[in-house]
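K.L.:
Single-letter residue listing:
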Amino acid sequence: MKRKPRRKVAVIGAGLSLFMRRALETGKELSYYAASQALETAGVRLKDIQAVVMATAPDAFDGVHMKGDWLLDGAGGVRKPYTRAYVGGGSGVFSIISGWTLVASGLFDLVLVVGEEKMSSCQPHPQGAFLTIFDHTIERPLGPNLLWIFSLEQHRYMSSYGIRNEDIALVSVKNKRNALNHPAAQVAANLSVKDVLASDVVAWPVHRLMVSPVSDGAAAIVLAAEHVARRLSEKPVWVQGVGWSLDTSYWGNRDLAYPRYVERAARMAYGMAGISEPRKEIHIAEPYDPFAYKELHHLEGLLLADRGKAPDDLARGRFDRTGELPTCPSGGLMGVGNPIAAAGVMKVCELFWQLRGEAGARQIPGNPERGVAQAWGDLMQIGTVAVLGVH
Amino acid sequence: MAKPARAVRKMDAPPWLALRGSPLSDDEFHGKVSTTSWIPRLEYGWDAGIAISRFLEGLKAGKILGVRCRVCGRTVTPPRAFCELDFRPMDDWVELADTATINTYSICYVTWDLKPLRKPQIPAVVEIDGTTPRVGFLHLIGGVNGSSVEAIRKQLRVGMPVRAVWKKPHQRAGAITDILYFEPVKRHPER
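If you read the protein sequences in the order shown, they are chains Y and F.
The first sequence maps to residues 97 to 487 in our numbering.
The second sequence maps to residues 58 to 248 in our numbering.
Keep in mind that the hints were calculated from the coordinates and are not lab data.
Yeah, the Cβ is synthetic: ideal placement off N, Cα and C, and Gly gets one too.
Some but not every residue of chain Y turned toward chain F, in silico, with C-beta under 10 Å:
id, residue
1, His232
2, Thr233
3, Met254
4, Val298
5, Phe448
Take these sequences, add in the hints, and give me the full structure.
P.N.:
Shown next as structure tokens:
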């Protein structure tokens, strides 16, 4: 980062649709639900919005080529400067970063950010959409599927630090339980570690209940420049720092035990936010948890736990909703659901409500003042990070 | 599975506005949602590129090739035409061993569309001997008995040496599959 941006940017409204296995609604309709709710809670009309950022992951899910443009109407982007932010699973948080650049640069004062995913359309299973992320010459002839890279990474993480699968299953337990209090939740449940490990092995060490579901859903936020935010909102939540970084697509050449690219993204965001001791200065975290181990992996990359030690912290309750550093109090992707790009935006929505003290049954105690949301994706290579706070 | 209902859900939690959405049941989805099945006829003729072409020629000859960067000194495989870190040509070719170390492996019991596999696939990242540490590629592990997690884990561990099992020379096509799989190196070879 060359220079700290001078213009402050705030989140002033947030909205969601339900997260569902299969929705009757089209992607446009889901986007409209979330976007209109975000506008309503921010107290602004669509005509006040000067630009729109849309996050949505592979076109192949919907089977509509260049679906960002197709979804335009539902995102409120008609006749406006409109951008699609797309870095795979990292898109949700990246869309907020994109929206932030539009406001921080001084180009616009009010920007709507919408994340949408409708995975259910893709038959027989949306995993098919991921078959073409592998290299066509040296990987695809081996017949890889998406589960491979997660299970390979989880096993590397476990073997590098002597982590047991029981330690990782606890993430599913925590997040699915947290989601019981989330009104959009698709797969909230009260389970034990035993239940998780009793579910089928899909690709050892990954069990079925360690994988987030296929989901349809949308989420949205409204971003405002400082002078507008102070006029429109009694409790604006400031975007204090953003960061993102990508590592090489030669993923077999990387240390899979540690997400260095997440650390780089986090350091950029923390630097911008003036954070020198993240473990003391961050009160709540929404790390990306499409697979159970990813939450722990990412907490280490975010410098919120020692390398290989996040499972110990989890086991002693540090990441519980009432713990020292609540993580995924929303219920995360493992509990609320994983409509890819919408899930990342949902995490920012959660920070918005938590930091305003409005999270109701999900509210973490102690008046949290600063939180971090993170997403991850592409070929296990991107970290996108946003730090939000009340000051 | 959520109940098929037009119901909006409202709870003691934000957003205070009711959330909208109409979850469909399996029956509704398969019976009432309009479906068009379309098998796109999209065929691609991929070029392997400068570096991978040579790598594939090496495989055909039963060799695993790598390249060394003259700036950072890394030796990597799969080979590439340029060092992605130094942005300089990577043209110092080296022949690597066909032995490797298991960096990580998995035991996969499903196909991409979640159909069960009776005989699991064992994908692995293998670090090819002679490269810079932790440089490997995706391939498969074979030559292990049994199909349960327990049985397979008894025979494999991270850090274990493995050796490429090649197709017979006349069957090789200049493809990554010219290596059938990597198998554990036995301490006391029978042959």
